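J.: Just so you know, the UniProt record's numbering puts 71 at position 71 of the sequence shown, and the rest follows in order with no gaps.
Treat the hints as calculated values from the structure; they're not laboratory data.
If you're wondering where the values come from, they're calculated on a predicted model, not measured in any experiment.
Below, a list of computed lysine-lysine pairs in the DSS-like style, where the Cα atoms sit at most 30 Å apart: (1) Lys13 with Lys47; (2) Lys11 with Lys47; (3) Lys66 with Lys27; (4) Lys13 with Lys66; (5) Lys66 with Lys47; (6) Lys11 with Lys27; (7) Lys159 with Lys149; (8) Lys27 with Lys47; (9) Lys112 with Lys99; (10) Lys99 with Lys66; (11) Lys27 with Lys99; (12) Lys13 with Lys27; (13) Lys11 with Lys66.
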Amino acid sequence: MSNPPLTLLQKWKSLRLPWRRHFLVGKDLAGNTYWEFHDRGNPNPAKWRRILRPNPSLNLHHADVKIPPAWHQWLRHTRPNPPTIEEQQLDLVRQERLKILAAEADKRWEAKPRYIEDPSKETRKPALEGSGIWVEKKLEQQEVPKEVKREEVWEGMKKQAEEGGETVVGGKKKQDPWKQKRAGPGEEWQPQGWTPGAARKP
Numbered sequence: 001m002s003n004p005p006l007t008l009l010q011k012w013k014s015l016r017l018p019w020r021r022h023f024l025v026g027k028d029l030a031g032n033t034y035w036e037f038h039d040r041g042n043p044n045p046a047k048w049r050r051i052l053r054p055n056p057s058l059n060l061h062h063a064d065v066k067i068p069p070a071w072h073q074w075l076r077h078t079r080p081n082p083p084t085i086e087e088q089q090l091d092l093v094r095q096e097r098l099k100i101l102a103a104e105a106d107k108r109w110e111a112k113p114r115y116i117e118d119p120s121k122e123t124r125k126p127a128l129e130g131s132g133i134w135v136e137k138k139l140e141q142q143e144v145p146k147e148v149k150r151e152e153v154w155e156g157m158k159k160q161a162e163e164g165g166e167t168v169v170g171g172k173k174k175q176d177p178w179k180q181k182r183a184g185p186g187e188e189w190q191p192q193g194w195t196p197g198a199a200r201k202p
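Work the whole structure out from these sequences, hints included.
T.: Next comes the structure, spelled out in C-alpha cells:
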C-alpha cells in the first residue's frame, strides 16, 4: 500500500450509499478512476452509465489518455466485472513478455539465410530447355529490328483484308479461324433503312 489515505478514500467513495449518485468502481495503473452512475434521462433504469475520469496529476488531454483493454471492455458493457489491480499487473507483464518474444523471433528470422536476394545484384541467366541446354536467341531475331516486324504485320493485315481470311506474316500464311464461321446463311444480311410513314388524320 503505497498511499493508504488515498486507498481508504477510494474505498469510501466506492460504497454504494443511497444518497450518492456516483460510485467509484476502480482505477488503473496510471491512476485513472472509473465511475458508475444512473443516468436520469435513460429510459432503462437498470442499466448503469460508466465513465472515466483521467488522473489530474498527469495533466493530459482526454484524447491522450490510454485506456487498458480490460477497462475499455468494462466501459463498453462487454465485461460485467471491473478488472482488479493484480489482473492489470499480470496483463502488463504479459505485454512485456510478448515484446521480448517478438524481438527474439525477429532475430531468428534475420539470422536465417535469405532466399530472395536484392534484384539489382542478381544477374539474369537465359532460360533452360528440358534437356538443360541454354536457350540462345536466333540470329535472325537479333538482327531484325522491331520496325521491320511491325511492317510485316501491317502488310499481312492488308493482304488479309484483300484476300479475305488469311494473314501473311514473315512470308507465311496463317489461316483465319473465323473464316468458316462467316459462311452462315444470315452472315451477310443487313437490315434495311427505316422510313416513317405519314401520320393518319382522325
